[in-house]
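Starting from the given sequences, assemble the full structure and let the hints guide the process.
Chains as they are written, first to last, in the numbering used here: chain A, 73 to 314; chain B, 1092 to 1310.
For the record, the hints were derived by calculation from the structure and aren't laboratory data.
Just to be clear, a hint being listed does not mean it is correct.
Calculated cross-link-like contacts (lysine-lysine; reagent style DSS-like; alpha-carbon spacing at most 27 angstroms) [said to hold, decoys possible]: (1) B:Lys1302 / A:Lys204; (2) A:Lys204 / B:Lys1303; (3) A:Lys146 / A:Lys98.
Some chain B residues close to chain A (C-beta under 10 angstroms, calculated; not the full set) [claimed, not checked]: (4) Ala1218; (5) His1229; (6) Gln1234.
Cβ atoms here follow ideal geometry from the backbone N, Cα and C, with glycine treated the same way.
Spelled out from the first residue to the last, the chains are:
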Amino acid sequence: MIELQNVSKWYGEFKVLTDCSTSVDKGDVVVICGPSGSGKSTLIKCVNGLEPFQEGTITVDGISVGDKGTDLPKLRSRIGMVFQNFELFPHMTVLQNIAIAQVKVLGRDQAAAEERGLQLLERVGLTEHAQKHPAQLSGGQQQRVAIARALAMDPIAMLFDEPTSALDPEMINEVLDVMVELAQEGMTMMVVTHEMGFARKVADRVIFMDEGAIVEDATKEDFFGTPRSDRAQLFLSKILHH
Amino acid sequence: MIDNFDFQIILASLPILMDGMGITLLLTVIAIVGGIVFGTLLALMRLSRFRVLSFISGRYVDAFRATPLILVIFWFYFAVPIVIGRPIGGLYSVLIAFTLFEAAYYSEIIRAGIQSVTRSQIYAGLALGLTQGQTMRHIILPQAFRNMVPVLLTQAIVLFQDTSLVYVVGLKDFLTAADLVAVRDNRVVEMYVTTAVVYFLICIAGSIFVKKLQRQYSI
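Take a look at the structure:
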């Protein structure tokens, strides 16, 4: 469903992505990990065209992201994205956050959008917070709202950009639980994360990136069993043994 | 001096003072609204990807910020009628001059306000499928204006006081009206104390109103 072929990207002179190729099939969960600055977040932002790239092709559901003629807003509305810092809209209530794109992009009427919003809030366990503003919620709650907001668009795939990195430890699991549930329901997911427990539980494949390149792209079993590259072994030993 | 303070003269000149306040408030309100609308447009042009728009907006702001307001007023009152071949009248010329002048200052305030909203908020809007225009209108500008409220208020107060400059084209704003009475009836102390108190009260009332508004919409 998502195909990346030889994607390269530069910030001026600096090459941030080098020849990245991979693919994600429908229903697959792919975890992307690697040291900070390795290009994981940039790569995932290329998938929905938030970051432009100079070489290679990315297609989502057969539509080329880099093509000038592509209707990017329409394509993005079909791909959910969850950010490290939640990025809820602070001037709107929780319910308005979930409704706005349904109304403005999908053309649903306000009542239908709110009804769908309430369904999803129930699903992530936050019904009673519908009328609050994001600042009144904890980080974990905000991130669950952000997931509900993305799901409200009925996406064909979800991108997660370090969804638990900004959370206090005791809140990480409430977010991961929602993500695990989604994965088990068959959602197609690309997840940038260091939560290896999550990867072990639901990932189909694990991609390891370093210095802008995909160093390892393996099934979960192979990756955790015997990573082929030294750098991936070193990285795993650092984040798993402490 | 206090013994001689003549409250009667204040009451007697109330109609002329009220007329003056009418001009002052009309100018202030029109220049604020027009300045913010046009200033937002200038700010969006300035931040645009299209270099031509950004250039035009930048030079516009430079030009108006390098010109004293009183000169801009002279320009619209004396020079523009020569160019278009007919007089446009004192009131219209100052309304236009104030709006164009204020827009230059507002555009810089609004530009800073837009830039104070993090880039990730733009990403969040776009990622949901909103267009750039929708993201700006529904996500970025509402937050930007909230952040800008204190500075906008300061600018509004400066503008409110600057309206007294219209005396140069023969319009009678509040201060000019008070000054007329002061000189005509030789009641300088009474009239200047009254104007100072009125300016003070209106500015304080504006500040309190904005603080209340801010608390109500705080995020």
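ask   = Of the hints stated earlier, which fail here?
value = Per hint list: zero violations.
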